[in-house]
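Asks: Following the hints, put chain S in place on chain F, whose structure we already have.
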Amino acid sequence: MIAIRRKKVNWVRVLFLLCCTVIPLVHFCIFYIFVNINSFMMAFQQYEKGEMFWTIGNFTRFFEELANADSELIEAICNTCITFLINQIMFGLSILVSYFLYKKVFMYNVFRLCFFLPTLIAGTIVNSVFTQIVGVSGPIAPIVQDMLGLEFIPTLLRDDRFANGVVFANLIWLTFPGNMIILGGTFSRVPVSVLESGRLDGLNWFQEAVKVIIPVTWPTISLLWILSIVGVFGASGNVFLLTKGEFGTQTLSNWMYMQVYNSAGGNGESNALNYLSAVGMFFTFLSMILFVVIRYFTNKAYADVQY
Amino acid sequence: MKENTMVQKLHKTRNPFKRFYNAYISKRSVSEIISFSVVWLIFLAFACSYVYILFWGFMSGFKTHDEIALHPFALPEKMQWQNYADVFSEFEIAGYGFFGMLLNSLYFSVLGQFITCMITVMLAYATSKFKFFGSGFFYYAVMVMINLPLYGNGGSTYKLLYNLGFVNSYSQIFLAFTGMNMNYLIFYSAFKSLSWTFAEAAYIDGANDFTVFFRVMLPQVLNLFGAIFLTLWVADWNNYSGALIYLTKMPVLASGIYSFELNMTYVARLDILYAAYMISAIPPLLLFAFFNKALTSNISLGGIKE
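Note that the protein sequences, when read in sequence, are chains F and S.
Letter by letter, the first sequence follows residues 37 to 343 of the numbering used here.
Letter by letter, the second sequence follows residues 789 to 1094 of the numbering used here.
Please note: incorrect hints may appear among the correct ones.
[To be verified] Simulated crosslink set (DSSO-like; lysine-lysine; CA at most 30 Å straight-line):
id: 1; chain 1: S; residue 1: 806; chain 2: F; residue 2: 139
id: 2; chain 1: S; residue 1: 1081; chain 2: F; residue 2: 139
id: 3; chain 1: S; residue 1: 806; chain 2: F; residue 2: 44
id: 4; chain 1: F; residue 1: 140; chain 2: S; residue 2: 806
[What the hints assert, rightly or not] Which stretches of chain S does chain F cover? Using the computed rule of at least three CB atoms under 8 Å from a CB of chain F, they are:
id: 5; stretch: 814-821
id: 6; stretch: 841-850
id: 7; stretch: 861-873
id: 8; stretch: 905-911
In case anyone wonders, no lab produced these hints; they're calculated from the structure.
Glycine included, each C-beta is placed from N, C-alpha and C at the ideal position.
So that you can see chain S by itself, here it is in the shape it has in the complex:
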């Protein structure tokens, strides 16, 4: 008993060196310590390089245009706070200011991806928990879609969207009304492993299928739903490629800032460009700061051997 208390004390010591020793050295062999140290150094190098992107971007946002052009890696001589204010007044693409592009981004990335997530989770629930005519079709169709990529259909997609009037239109959000994607498999797996007992109890209490789904089953996969929604949102927030083709006259932030950079030949304002880049990076960074555990620990795909 006394020995156990001593061990606990040793592990809970406040001395950082002892804590480090207990956690990383005492339990490992010499060869393990060497291998882990080498890996640690490599990880550190990559981590620093990724952090440097952020640092460089924020610092550039505080420099003048000339400073960025002539000495891109020097620190700002004087912090140009005005750059960040100028983003809101001088930044304009296709008649859209910063806030206009921000609204477009929110509309397509937040609302669009929420719709995608909701449709996907409902489809996965229906096909994993109920047997009905065609219920197996969705699973196999998704398997074929992800295993067999079809190339060169970009032209056909553009033609269709043009004919439907979806190009440069808010109605393009209909593209988000999809449920047959990789995330379907993740939700499908999650629902398959969920017990049906809670649903049965709810049915006995008189609940209908809508109530069972929204009040009993969906809450059980809410963490996963949140993680997938956030991942999709971040990806779509930063996606410029689709918007450069389909939303040329109503840019979202990612494509708008990129277009601003392309137009630099006419108006050279690197200071505003980097300030805008950094402002647009704030929402995903904040989101990650608050929800990083949800993002990194809830998603898994495939199985493990028993």
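Isolated chain F (complex conformation):
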């Protein structure tokens, strides 16, 4: 007879691995899997006199709104696309910001501290101050009045002509430092020998950035860039704090947030939330297509990434 020796089970290890994995797994099942399956089902539900019934009414309403050029959703989609483009430009700019800090521009330590302030201070405070600056008593509104020859000082955030521009300006102002922490951390990992050989070859700062730093750190840059692209429908400035989506400033992300915000306090059985699920489902579907396309074109970039 051949004696089969079974490998002894290391129960302490089993217990350790269970301790490490069970809680996040349960959390994932409840707050990701269940929530999204339920959201999918809510897209096909509506309430009438407290009774729930299954319908495609949410989608019908959504496509009707899409067909109406004056609808809030069309406005939100347009603003989201503009915000996304601004974010892309600011992403490129943030690489340069991190690069110059890495190159130790004069007072770089002070700048690093200052550039961290918008992250440290609550958005509510920052935007409260910003609202005062662009308000009637602030320095900007009278300049706009002079430039356009207006009779009254404009209330920039309460005027359809200016509100969107002000929200975008706020976005540019606050996102200027960009991914300073992650990019700065990655740049600092570039081997000094690579930089020195570049210097010996006579590279100037621009060539060093374009021909050495960016290519060497490309896996990280491409990862951040791809993440920003797939999040296209979540692109939004501080719309909630500045205008609450009024005066032509609505974005998809803020519109979705406002649906839940306006339903807060109820029991969650609301047609607004069901409609939100249907709209969300449509944009999730679009982002899936986007993800597959981007994944196809950037496969190489992903292959280089070492987490």
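Replies: Here is chain S on its own, set in the frame of chain F:
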């Protein structure tokens, strides 16, 4: 030898102009000096604007309500120290005073984010260092989660939290019991690059997996753990959006102060509002003052080409 000493002396000179010349001018070409000067001016403009927010907020906290409303950009005529004292006595939202909101903030932001960090680091360690059934699942699930954002599930989340009794409840901290997020990838990368030799030595000495993790492996990523925890804490401390929906009857500082501002139509006290804003900004600012190096130098994501 003598020449080297001279060079060292030149670099260590106490003359600030010479030090400036050595550090920023002598090693750079003219075009580089011009480009760096332009960049410096732009950086200065942005830096000043960010510092001005703080300055304006603190100054407004020392003004009267009328001064803020009529002359928001003027300096206070007389420093109103009383405003900061009034925050503790007169500031109230949904039955919670300043200290009540502060406790809620500490509970959800500090304890909650510590739990998140701890669960994330344990999950990353287990899945990066041990091969077991399903160990690869977590990595790919996180990759899908961050690459494929799902929109419009806010309603479903609200409904679930309402049915679980988590809305306006301290049990909402269970939301923090997550480990599958972007930071998982950062910890995963850190553990992957750590040598297993120390752990092996500990196992030979008779340590079990818990001991190896808490006493050998975790201390090696403690700087990273601290940096991520502080980042999460600051972000959650300032987060008003979730609390405005899920904690309407037990506000945290960020949402409470915002609600106070919204209620201004009834009680106009801009002086207290800005004093409260500034008091709530002190903890993150202090934290950054003491730990800015840890925050700005320990986090990196992705790789670099070899």
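Asks: For every hint, state whether the structure bears it out.
Replies: Hints, verified against the model:
1. Straight-line distance between C-alpha atoms of residue 806 (chain S) and residue 139 (chain F) comes to about 20 Å, which keeps the hinted pair within the 30 Å bound.
2. Pair hint residue 1081 (chain S) plus residue 139 (chain F) holds up; C-alpha atoms about 17 Å apart against a cutoff of 30 Å.
3. Distance hint between residue 806 (chain S) and residue 44 (chain F) is unfulfilled; the C-alpha atoms sit about 70 Å from each other, more than 30 Å.
4. For the hint pairing residue 140 (chain F) with residue 806 (chain S), the CA-to-CA distance comes to about 17 Å; that is within 30 Å, so the pair holds.
5. As drawn, the stretch 814-821 of chain S meets chain F at 3 residues by the rule of a beta-carbon pair under 8 Å; at three or more, the given contact holds.
6. Proximity of the stretch 841-850 of chain S to chain F, defined as three or more residues with a beta carbon under 8 Å from a beta carbon of that chain, is established by the 4 residues found.
7. For a cut-off of 8 Å, the count of residues in the stretch 861-873 of chain S with a CB near a CB of chain F stands at 1, and the three-residue condition is violated.
8. A stretch counts as covered by a chain when three or more of its residues have a beta carbon under 8 Å from one of that chain; for the stretch 905-911 of chain S and chain F the count is 4, and the coverage holds.
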